[in-house]
Amino acid sequence: MKIDAKKLLSKILLAFVLVSIGFAIGKEATLRRVPSGGDAASAAGQGEKVIVYYMHATIRCVTCNSIEAMAARLVDTTFAEAKRAGRLVWKEVDFQQNENLAKRYDVVSSCLVIVHVQDGKEVDFKRLDDVWLLDGKPQEFNDYVAGAITGYLEGGPKQ
Amino acid sequence: MTWYVVASALWLGVLTSISPCPLASNIAAISFIGRHMGNHRRVLLSGVLYTLGRVLAYVAVGAIILGAFQWLALSGGDVSRFLQRYMSLVLGPALILIGMILLEMLGFSFSLNLASQGAQQKAGRGGVFWTTGLGFLFALSFCPVSAGLYFGALLPLSAKHGSQFVLPIIFGIGTALPVLVFAFLIAFASEYVGKAFNRVSQIEKWVRGITGAVFILAGIYYSLAHIYGISLLG
Chain A
1 MKIDAKKLLS KILLAFVLVS IGFAIGKEAT LRRVPSGGDA ASAAGQGEKV IVYYMHATIR
61 CVTCNSIEAM AARLVDTTFA EAKRAGRLVW KEVDFQQNEN LAKRYDVVSS CLVIVHVQDG
121 KEVDFKRLDD VWLLDGKPQE FNDYVAGAIT GYLEGGPKQ
Chain B
160 MTWYVVASAL WLGVLTSISP CPLASNIAAI SFIGRHMGNH RRVLLSGVLY TLGRVLAYVA
220 VGAIILGAFQ WLALSGGDVS RFLQRYMSLV LGPALILIGM ILLEMLGFSF SLNLASQGAQ
280 QKAGRGGVFW TTGLGFLFAL SFCPVSAGLY FGALLPLSAK HGSQFVLPII FGIGTALPVL
340 VFAFLIAFAS EYVGKAFNRV SQIEKWVRGI TGAVFILAGI YYSLAHIYGI SLLG
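Residue numbers (my numbering), protein chains in the order written: chain A, 1 to 159; chain B, 160 to 393.
None of these hints come from the bench; they were simulated from the model. Among the hints, a few may not be true.
Unchecked claim - Not everything, but these chain B residues come out facing chain A in the computed CB check (under 8 Å):
hint: 1; residue: 236
hint: 2; residue: 252
hint: 3; residue: 255
hint: 4; residue: 259
hint: 5; residue: 303
hint: 6; residue: 304
hint: 7; residue: 308
hint: 8; residue: 316
hint: 9; residue: 318
hint: 10; residue: 372
hint: 11; residue: 375
For clarity, every value in this text was computed on a predicted model and none was experimentally measured. Note that CB positions come from ideal geometry on N, CA and C, so glycine has one too.
Excised from the complex, chain A in its bound form (with noise of 0.2 Å):
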């Protein structure tokens, strides 16, 4: 029997694309079920803290791990002894499945969130969206972040 190998291919791709589609509506509707996670100023605990965000999307992309890894860096460096003493937090967050904060810090795509959190209450935010634009110049993006945690730090809000 001959077999018709342009159907066959098209027979598995309208599969491909049926299971996919059944799947993502499956995925969407575990997503709504789960709780999205909980609060930025509770989970911080008391006293005056300062934690940073990574916001990122469930898929990451090249420039977002660029960015990551330039802001944990800063973070592990030039706020080194911040972080040691607890003052200064850094926390990863999916904001497609915590879509709490990302509502409450109104995100818009993978950006870094810096929080100032004064006795388990968050006093100000700052969202800094424009990363993006920094991304391959890590001075610029340095002394952009860097600002926006030191103003805190020092007992912000500043801008």
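Position chain B against the provided structure of chain A, taking the given hints into account.
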């Protein structure tokens, strides 16, 4: 609004297009536009219509957030997260189906007008107006970089300068520019090769086949990455 602002919007668009994350859809767009080798007017028209599709998408989303639909109380974040979450799920299966239409692989058992054989042949051999829909679909399929630059940089710039239409239009043109340059280069280079070897019609046929295959591969890639969460590029 100064020339500097206009140039910034254009640069943001170009930056969006040359970043790695929309690479698969850009390759698909390049092959779609460039497949009309041997017909300069068609290649140019496809390019213009693709740009128009992208521009329409960015202007529409901008209008929803900045302008006419402010009463909907949708923030940039709401719209961005919605599009990033759902359009990325739609893109993979849509690309596979478009690829199958281009290769005339969908049979008569499908009664959808879109997939009727006449429409498939039109799309495969001509159908330049499909390019507008393609541009629109690709522009709405925001990946992290395009969402960051459009929602995080372009729209704030538009709001600041009260430019609800001009800057999103310029941005849309910017996102299409690199794709157009490569599409024109490939179309004209393949035509040159075809003429040199006296095989234009044969090369045209291959290019059409390659375009369909590129769409299917890009669709499989996007489905694996966005639906099944399998990262192929690390």
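A quick look at each hint next to the structure:
| no. | hint | in the structure |
| --- | --- | --- |
| 1 | 236 | holds, 4 Å |
| 2 | 252 | holds, 5 Å |
| 3 | 255 | holds, 5 Å |
| 4 | 259 | holds, 6 Å |
| 5 | 303 | holds, 5 Å |
| 6 | 304 | holds, 5 Å |
| 7 | 308 | holds, 5 Å |
| 8 | 316 | violated, 11 Å |
| 9 | 318 | violated, 13 Å |
| 10 | 372 | violated, 11 Å |
| 11 | 375 | holds, 7 Å |
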